[in-house]
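*Asks:* Here is what each chain is made of, one letter per residue.
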Amino acid sequence: DAKTTQPTSMDCAEGRAANLPCNHSTISGNEYVYWYRQIHSQGPQYIIHGLKNNETNEMASLIITEDRKSSTLILPHATLRDTAVYYCIVRTSGTASKLTFGTGTRLQVTL
Amino acid sequence: DTGVSQDPRHKITKRGQNVTFRCDPISEHNRLYWYRQTLGQGPEFLTYFQNEAQLEKSRLLSDRFSAERPKGSFSTLEIQRTEQGDSAMYLCASSLTGGGTDTQYFGPGTRLTVL
Chain A
23 DAKTTQPTSM DCAEGRAANL PCNHSTISGN EYVYWYRQIH SQGPQYIIHG LKNNETNEMA
83 SLIITEDRKS STLILPHATL RDTAVYYCIV RTSGTASKLT FGTGTRLQVT L
Chain B
120 DTGVSQDPRH KITKRGQNVT FRCDPISEHN RLYWYRQTLG QGPEFLTYFQ NEAQLEKSRL
180 LSDRFSAERP KGSFSTLEIQ RTEQGDSAMY LCASSLTGGG TDTQYFGPGT RLTVL
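Which chain is which? The protein sequence lines are A and B, in order.
Just so we're aligned, residue 23 is where the first sequence starts under this note's numbering, counting upward by one.
Just so we're aligned, residue 120 is where the second sequence starts under this note's numbering, counting upward by one.
Hints listed in this document are in silico derivations from the structure and should not be mistaken for laboratory results.
Everything numeric in this text was worked out from a predicted model, so none of it was measured.
Glycine is no exception: its CB is placed at the ideal position from the N, C-alpha and C atoms.
Treat the hints loosely; a few may be bogus.
Derived lysine to any residue pairs resembling SDA-like cross-links, with alpha carbons at most 20 Å apart [as the list claims (entries may be wrong)]:
{"hint": "1", "chain 1": "B", "residue 1": "K176", "chain 2": "A", "residue 2": "T114"}
{"hint": "2", "chain 1": "A", "residue 1": "K25", "chain 2": "B", "residue 2": "G159"}
{"hint": "3", "chain 1": "A", "residue 1": "K25", "chain 2": "B", "residue 2": "K133"}
{"hint": "4", "chain 1": "A", "residue 1": "K74", "chain 2": "B", "residue 2": "T222"}
{"hint": "5", "chain 1": "A", "residue 1": "K25", "chain 2": "B", "residue 2": "Q156"}
{"hint": "6", "chain 1": "B", "residue 1": "K133", "chain 2": "B", "residue 2": "E202"}
{"hint": "7", "chain 1": "A", "residue 1": "K91", "chain 2": "A", "residue 2": "P29"}
{"hint": "8", "chain 1": "A", "residue 1": "K25", "chain 2": "A", "residue 2": "H71"}
{"hint": "9", "chain 1": "B", "residue 1": "K130", "chain 2": "B", "residue 2": "R200"}
{"hint": "10", "chain 1": "A", "residue 1": "K25", "chain 2": "B", "residue 2": "G161"}
{"hint": "11", "chain 1": "B", "residue 1": "K176", "chain 2": "B", "residue 2": "N149"}
{"hint": "12", "chain 1": "A", "residue 1": "K25", "chain 2": "B", "residue 2": "S177"}
Pulled from the structure, derived: some chain B residues nowhere near chain A, Cβ distances all over 12 Å [to be verified]:
{"hint": "13", "residue": "T121"}
{"hint": "14", "residue": "R134"}
{"hint": "15", "residue": "G135"}
{"hint": "16", "residue": "E147"}
{"hint": "17", "residue": "E175"}
{"hint": "18", "residue": "D182"}
{"hint": "19", "residue": "E187"}
{"hint": "20", "residue": "E202"}
{"hint": "21", "residue": "M208"}
{"hint": "22", "residue": "L210"}
{"hint": "23", "residue": "D221"}
{"hint": "24", "residue": "R230"}
Whenever a hint applies, use it, and build me the whole structure from the sequences.
*Replies:* What follows is the structure in structure tokens.
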């Protein structure tokens, strides 16, 4: 699976959009981009995934560039409860491939 | 849909003791994964099952570790002769094949402290 690069940390004001970037320049055609988050001392929580089209669900939006070498997770109206470590993971979907977590981005939402 | 559950949530043991953790996956999920997470790091893959068959094991899974999924439903992870380096959060995830995505959903984890 391709490697990903994320900023170590980011801050966001409550109520504003949080835009979390991820670089995955070596992604191949059958690899999906997955996002998980982990709130302190809890298990990782699935957020969203996509292949090449932008995706949106009740939690977030995922914007993937046309060349698929990077993506952005958008939390449209961040709240204090969104403070967590966010992991961007590239994975070949449909196979039983493990998730390879990096160190993620620590998002701090502030008042 | 009741999510992945793990038991116990916390375990404190003395070095040299054996411990066993249990994971109950989401109902009907046929794949089950175990991960380990140490402080400040992301989770690391240990092993996975498809139904009752253990199909992949990481090099992290030393011979002191054994995992089972006897009836293709719940799974157990046993650590024999625990060492202080085994202190970590042990996470279980499950997924359902078919539909192309095989998204893994995680449980709350079992935090192990070896004294």
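*Asks:* Give a verdict on every hint.
*Replies:* Results for each hint:
1. B:K176 / A:T114: Roughly 18 Å separates the two Cα atoms, so the pair holds.
2. A:K25 / B:G159: With a Cα-Cα distance of about 19 Å, the restraint between K25 of chain A and G159 of chain B holds, given a limit of 20 Å.
3. A:K25 / B:K133: violated, 38 Å
4. A:K74 / B:T222: Within the cut-off at roughly 17 Å; holds.
5. A:K25 / B:Q156: holds, 19 Å
6. B:K133 / B:E202: holds, 8 Å
7. A:K91 / A:P29: holds, 16 Å
8. A:K25 / A:H71: Given pair K25 of chain A, H71 of chain A holds - Cα atoms ~16 Å apart, limit 20 Å.
9. B:K130 / B:R200: holds, 15 Å
10. A:K25 / B:G161: Given pair K25 of chain A, G161 of chain B holds - Cα atoms ~14 Å apart, limit 20 Å.
11. B:K176 / B:N149: Given that 20 Å is the threshold and the Cα spacing comes to 17 Å, the pair holds.
12. A:K25 / B:S177: Cα-Cα ~18 Å, so holds.
13. T121: Holds: least Cβ distance 14 Å, greater than 12 Å.
14. R134: Given a closest Cβ separation of 23 Å, the condition holds.
15. G135: At roughly 27 Å from the nearest Cβ of chain A, G135 of chain B sits farther out than 12 Å, so the non-interface label holds.
16. E147: E147 of chain B is indeed farther than 12 Å from all Cβ atoms of chain A, at 16 Å.
17. E175: Contrary to the label, E175 of chain B does not stay out of reach of chain A, its closest Cβ about 7 Å off (not over 12 Å).
18. D182: holds, 20 Å
19. E187: holds, 18 Å
20. E202: holds, 23 Å
21. M208: violated, 8 Å
22. L210: violated, 5 Å
23. D221: Check fails; 6 Å does not lie beyond 12 Å.
24. R230: At roughly 8 Å from the nearest Cβ of chain A, R230 of chain B sits no farther out than 12 Å, so the non-interface label is violated.
In the structure shown, a violation is registered for the earlier hints numbered 3, 17, 21, 22, 23 and 24, in ascending order.
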